[in-house]
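As a plain string of letters, each chain reads:
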Amino acid sequence: MVGTAAINKSPDLAKGVFACNWIPSPTTTPNSHLKMLQLKSILNVVDNSGAIWAECIRVLHGGKYARIGDEIVVVVNKAKSNAVAAASGIPKVKKGDVRHALVVRARKETLRPDGRYIRFDDNACVLLNKQGEPLGTRVLGTVAGELRQKRWMKLLSLAPKVI
Amino acid sequence: MFSFTRSMTRMTSLFQTRLASTAAKVPKPTYTAPASVLVPKQFKPQTKGQGLMELINKEEAQRMDTDGRSKLFNKREPECLRAGDVILVETLNAMSTEKTSTFVGVLIAMDRRGLHSNFTVRNIILKVGVEMKYMLYSPLIKSIKVLKKGEGYRRAKLFYLRDNPGRAFRLEGLIKQGKALNAKKTEKA
Chain A
-4 MVGTAAINKS
6 PDLAKGVFAC
16 NWIPSPTTTP
26 NSHLKMLQLK
36 SILNVVDNSG
46 AIWAECIRVL
56 HGGKYARIGD
66 EIVVVVNKAK
76 SNAVAAASGI
86 PKVKKGDVRH
96 ALVVRARKET
106 LRPDGRYIRF
116 DDNACVLLNK
126 QGEPLGTRVL
136 GTVAGELRQK
146 RWMKLLSLAP
156 KVI
Chain B
-4 MFSFTRSMTR
6 MTSLFQTRLA
16 STAAKVPKPT
26 YTAPASVLVP
36 KQFKPQTKGQ
46 GLMELINKEE
56 AQRMDTDGRS
66 KLFNKREPEC
76 LRAGDVILVE
86 TLNAMSTEKT
96 STFVGVLIAM
106 DRRGLHSNFT
116 VRNIILKVGV
126 EMKYMLYSPL
136 IKSIKVLKKG
146 EGYRRAKLFY
156 LRDNPGRAFR
166 LEGLIKQGKA
176 LNAKKTEKA
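Chains as they are written, first to last, in this note's numbering: chain A, -4 to 158; chain B, -4 to 184.
Since the hints were derived computationally from the structure, they do not count as laboratory data. Mixed in with the good hints, there may be bad ones.
[Said to hold, decoys possible] Simulated pairs of lysine to aspartate or glutamate, EDC-like, Cα-Cα distance not exceeding 16 Å:
hint: 1; chain 1: B; residue 1: 137; chain 2: A; residue 2: 109
hint: 2; chain 1: B; residue 1: 122; chain 2: B; residue 2: 167
hint: 3; chain 1: A; residue 1: 145; chain 2: A; residue 2: 92
hint: 4; chain 1: B; residue 1: 122; chain 2: A; residue 2: 109
Please read all numbers here as calculations on a predicted model, not as lab measurements.
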């Protein structure tokens, strides 16, 4: 049965062998060909800030495409009236608001260092305030493990599931 | 037109080669490497009729097949996976730790590509579909278990389940079963 023998832990494997068709080179990062959110992309907003859909208007790192873990600037397309949010101190987000957001799920598959690919069924983001912290106090739904950085630790702790 | 000089030079060169073959053969100077240099006895790998890269990939796949996971992709084996099976994949978080993360889901695609053989597992987690594509021979995959054999699937690739899942992703009972299996394993160990 699979999984009963000892795992092969030879020294060269410990370095992290790429077992995929893509070969890394100094000029390309692993995911350079796998980003697909851009101007006009519509994302679900998965926090409790009140926004429902947001449209990307700019990718903040300067390129054309954004992927999971990238910050983007969005325009809120649809928002719900959020009395609960106002009570807990979240600034009320209305339709037409321009906000920074962080991509947490993407429909385009993302490559992980060991050759795994992960893909979600939707594009989702979380709104950020001017300091770069999450605007809402809750995150709904799964969030990609690509966000495991010091900067987004608070967001990861809020998320019910990180994959 | 017939060229007299060209034919003459050809005839003389033929004559010279015939002369050369009958002359005493001078042995070619041989070079013996110093003892510190390792000279391989076999200069050409035995490719056995296949290309060199194919051979390298096959050898590497055999080398990476430490726990018999190639049987999961071999149709002649009874343990072979099929599209539609509910699978639990346990992955090490890093080569340095023993901590694992699990992913349970329906196997929707198997891609047989030798060393780069991969399979895609799909599940619906918190109302969002998540697909993970694993490389079969990745050293980070600790184990692959079949929780339930798929029934009634008549395709090799079940991408239609993205739009028409039906009852395919009602896996709560199987996830619990998978966790119980893992718990038993950790108790025994």
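Evaluated hints:
{"no.": "1", "hint": "137/B <-> 109/A", "verdict": "holds, 13 Å"}
{"no.": "2", "hint": "122/B <-> 167/B", "verdict": "holds, 13 Å"}
{"no.": "3", "hint": "145/A <-> 92/A", "verdict": "violated, 28 Å"}
{"no.": "4", "hint": "122/B <-> 109/A", "verdict": "violated, 27 Å"}
The structure fails to meet hints 3, 4 from the earlier list, while all remaining hints are met.
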